[in-house]
Amino acid sequence: MSRITNYLTGAFLLFLLLSCTNDSSDKTGKTDSLNQLKEELHLEKFSNVNIAENVEVNWNNALQTKKKDVAIVEFDVKEKIPSKIQSSFLKAEMNYQLISIESDGESKNYFIEVFSNNDSEAYSKTITKLDKFKGVFNVFSLNGQNLGTIAINHGNARNISESKALDFLAETINLFYSSSGNTKKIPLCDGRYTIVVEQAQDRWRVVSLNGKILSVEYMDTVVTTSILPYPCDGSGDRDAIILQRTAHYYTSDGKSYAGVSGLLDVVITDPSFSNNPCLVAVFTKLGGSPTFQTYLKRFDVDFSVADLKLSVGIDATHPTASAVTYQPVNSLIEIKFNPEKLDTPPLNIAKNFAHEILHAEMFEKLLKLSKKKEIPWSAEFIESIRNDEPQIAEYYTRYLYDIPIGGSISDPQHEYMAQLSINTIKDILKQYDNTQSEDVYTAIAWSGLMGKGIINSTTGLPPQPTVAWVNIPQTERVRLKEIYDNFIKNNTPCQQ
Amino acid sequence: MSTIKLIATIFIFSINMMFSQENNEFKRNSIYLNLNDKALESYKIDKDTMNAHFSIYLKKYDSKKEREIVTKIYDTKVKNIKTSGENPSDVILPNFSIVFYAYNEKPEKLKSLKGIKFITLKEFRDNNYVTSNPTYIIHKLKDGTYLKWLAITMDEI
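As given, the protein sequences belong to chains A and B, one line each in that order. Position 19, counted from 1, in the first sequence is what this note's numbering calls 19; the numbers after and before it change by one each time, with no gaps. Take any residue in the second sequence, note its place counting from 1, add 496, and you have its number in this note's numbering.
Only chain B is shown next, with the shape it has when bound in the complex (with noise of 0.2 Å):
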């Protein structure tokens, strides 16, 4: 009798651990951000570390001089709107960034990098942005130490 208990109760661990894998098999890509890499247009974090923002410039728009010059043709838009018959979904000032947010929860604090996957600032810019959402935004501190953020971009629509 207690054999069968054991085995039933094997059992349903067994179907536990099963739906809970289901449960934690949401994708979440790593990124690793060097906090003074010149393709990070911002970052800020809070000093209770409840909330941080991390934003990347899209590549097109790396360049100051990039920036200016679509700024400028915006401005120029903007200000001949009433006869130039443009369509005001064109005048429009594109994103420079993308921003991904962590809010109101603490990062995980991590001793090393050992067994984590992630991919490289340059990587996610040169795969075209492509992440899942959320996405874990991982850097080092000071100390030798690295924060990983659970962080979402919102929707630009």
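This is chain A alone, in the form it adopts within the complex (with noise of 0.2 Å):
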């Protein structure tokens, strides 16, 4: 219903604005839609305290462009009180902006954050003359709804975000840009691209006698069709890829704040991680996991009780783990990542992050429970804790402080993610990548819910298996490891 009323009154508006006559009713019409665009306005609504509290929109001056059917009216926000990003590829300064955009009677509004890069012209306070711009436009609507973001590079228009709600912006965007050259259209290495090539081949009938060639003559010509990999920019387009994989800025005390994706701002980057292109561009992606984004809001400085670091290092106890979660170090839980094991597919690395991030949950909670900044480790603490997170409080009993007869010690966050958060890890997965089978997605899954020791290859089991993977029937084990070992094999790693 909203959205109805949103469409209709730009419609309205830009009737108006656009309208070259002068009498009274127009006048009186054109304060009525303004009036009804500042009332559709919630400033207050926005999630970022700096659009939330530190902008205002100025009404008087509105920009009008008109091409094709294509109809935009664009008014400029200021800040109040001008705030600078501390970036090392960003600009200080940034801009905000509000769009009304018509086309084929439907209208849409926009409220959009920009951030320039470094090596970019400053922005022209229009999304029409974008030619010599590089940077990404945070985009919301007008009652603060993070609607994702767009990459601009030279004008040309990424919905980064794949957020169909963007389409229609970034489709505007890219009526005015105009592409000089065919590497422009290499796309970045955010996915799996295909091109169908015809290969004709021309097929010849040469008579010949004693090695003398005595005619040569033309058959026919057969045409083959083959699905091939298209090149993507991973080594070429820096400049490119840094748009794409822009995610945050830092304020002062080095905690990104109202990050692109609207999910970066919850946590804390170390320079190790947010240098890393690999790790980097897979965690952007992850902002488009709602599932994922559940999990890493729990983090938000409004209602967690810690503070989540990623940061990018060589665990000294466990050198050869691909991601180690460390426990609530003065509120602080961190997530390490070894730089030497990237050289999986983007999909596994997302695996990994869904991974850790359960187990900084699971800290999360036990540390909010504790009222203390770091856990108070005992079997009476956990007992401590029962009523409220009866399942956890059950695991660590089960498989750590109070094991049964028949029973060993096991890692108890482990054998909690096999037993209850498989499905947890194939939906974020699905949503960072939905083109791969169900098996796939289960097999990644269970990568790193095992077991410990060398697995089995007739049973596929380790000799310390995790319960639930016991309860997985062999066949279907051994199946999973066979699918999971294709799919490393076969696939492009995010890192080499």
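Calculated directly from the structure, the hints in this document are not laboratory data. All values reported here derive from a predicted model rather than from experimental measurement. Glycine residues also receive a C-beta, built at the ideal position from the N, C-alpha and C atoms.
Here chain A is said to cover these stretches of chain B; the calculated rule only asks that three of the stretch's residues, wherever they fall, bring their Cβ under 8 Å from a Cβ of chain A: (1) 549–559; (2) 573–579; (3) 613–627; (4) 645–653.
Taking the hints as your guide, dock the two standalone chains into a single complex.
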């Protein structure tokens, strides 16, 4: 309903604004539509504090542009107190704008937050002249809903959030974009690309005698069609990759603030992490996973007792581990990714994010219940949280503090995740990349939750398996291991 | 007309080759293993040579004594876990080795190693166990030929 109201309001506003007449009724209508737009804009509903409290729209100066059947009206938005970004690759200045677009009777309104790359010209206060601009737009509805992010590279808009709500805006921006070369058509390495290639093969009949060619006759041409991988610019267009992966900027305390996708504002990213293209790309794309965001939101400063830090390094005790989540220290939980273990496909790296965020979530729950800055580990503490977190308490009891007869010590969090979180990990993987089969998601989700030790090729079991993995039928275990192996072997790694 | 077609054909073949090369540009290292090397914790090759694994000791756990010390510390931690206040994440016996799995795929048989780039087990271990995933594991057979397995490591997370 509100969407229809938005369209009607925008269409009405545009109609009035683009009118050349000056009679009093038009002026009244213009004022009415402006008032309506003002009514629809609820800055106070924006979760981004800077937008909610520090910006104001200049309603007196509307920039109008028309191209083909598209009419655009843009209002400049200024910060009351100019804020600055501390970033190694973004300009310090931020820009905001209110945009209303009407095309074919359809009208939409957007509030955008603009970040400019260091090597870009300053934002020209219009989406119609972006040929020298490089940066990203955080796009919101007028009531503060984060619609996603559009990356701009010399006027070319990419809907990197792959949000349908942004298609209209991206297409409008691209109306004003003229490609300067074929290289701009090369996609970023953020997905699988294929190209259909028609291979034409001419066949000739060669008649020879004693090594001497007597005649050559054209027979026919056989055309075969193949689907081949299309090259993406993983090692090429650094600027484009940065645009795609621009995901966060920092305040002076090193904490990211109102990040591009809306999820990075809740984590602390160590430079070792933010300088790693593979991890940043996967993490940015995970912004499109509502399930992952739900878990990450637990670390939103408004609700969380713990901060989450993402870093890159090799754990001394577990040097071959792909990633490690450290328990809270002074209310800080750290996930460290091994830079030498990024040579698997991005979807597998996404699984590592999902796996580690589940560890972090359990630590956060325990910390919250302890009401301390570190978890006071003991059987008593675990018992004390049983009413609040019965499942976590049960897994710590059963696999650590009070192992039943016949049972054995095991990692409580891995046992918990193997039993209860496989579908959660699968959901995140599907939201990250919906092109794989159900079996592939299942196989990847299990990786890391099968247990410890060398996996037997016949049984699919390591010497210390998780209980949930043992409960999977043997043929299924072996099959899943095989699917995982094939997936790793046959897909492009995130980092080489 | 035919000339144009021929050029077109060659051109298309060139494009095709270019794409094929893209597809095969995955970096895949090779490690040469001496199956009698003490650094090799264990290996197993199925009779039908469809599956194999090669487990390589991490350097700090080369000595049996070191492994026993770590295991003893772990056992003590387990014993005292109820009252020690120990972080359960630290009550984990570390992996003593890194395991390469070749699964459901026969190895390539090589007559010689001529022209094949590889690193030795020592080089692999000295370089912090850095290799590609998957990695080719190469070892010698009694008849003087070699087997080359395409093997992956499982995520430890």
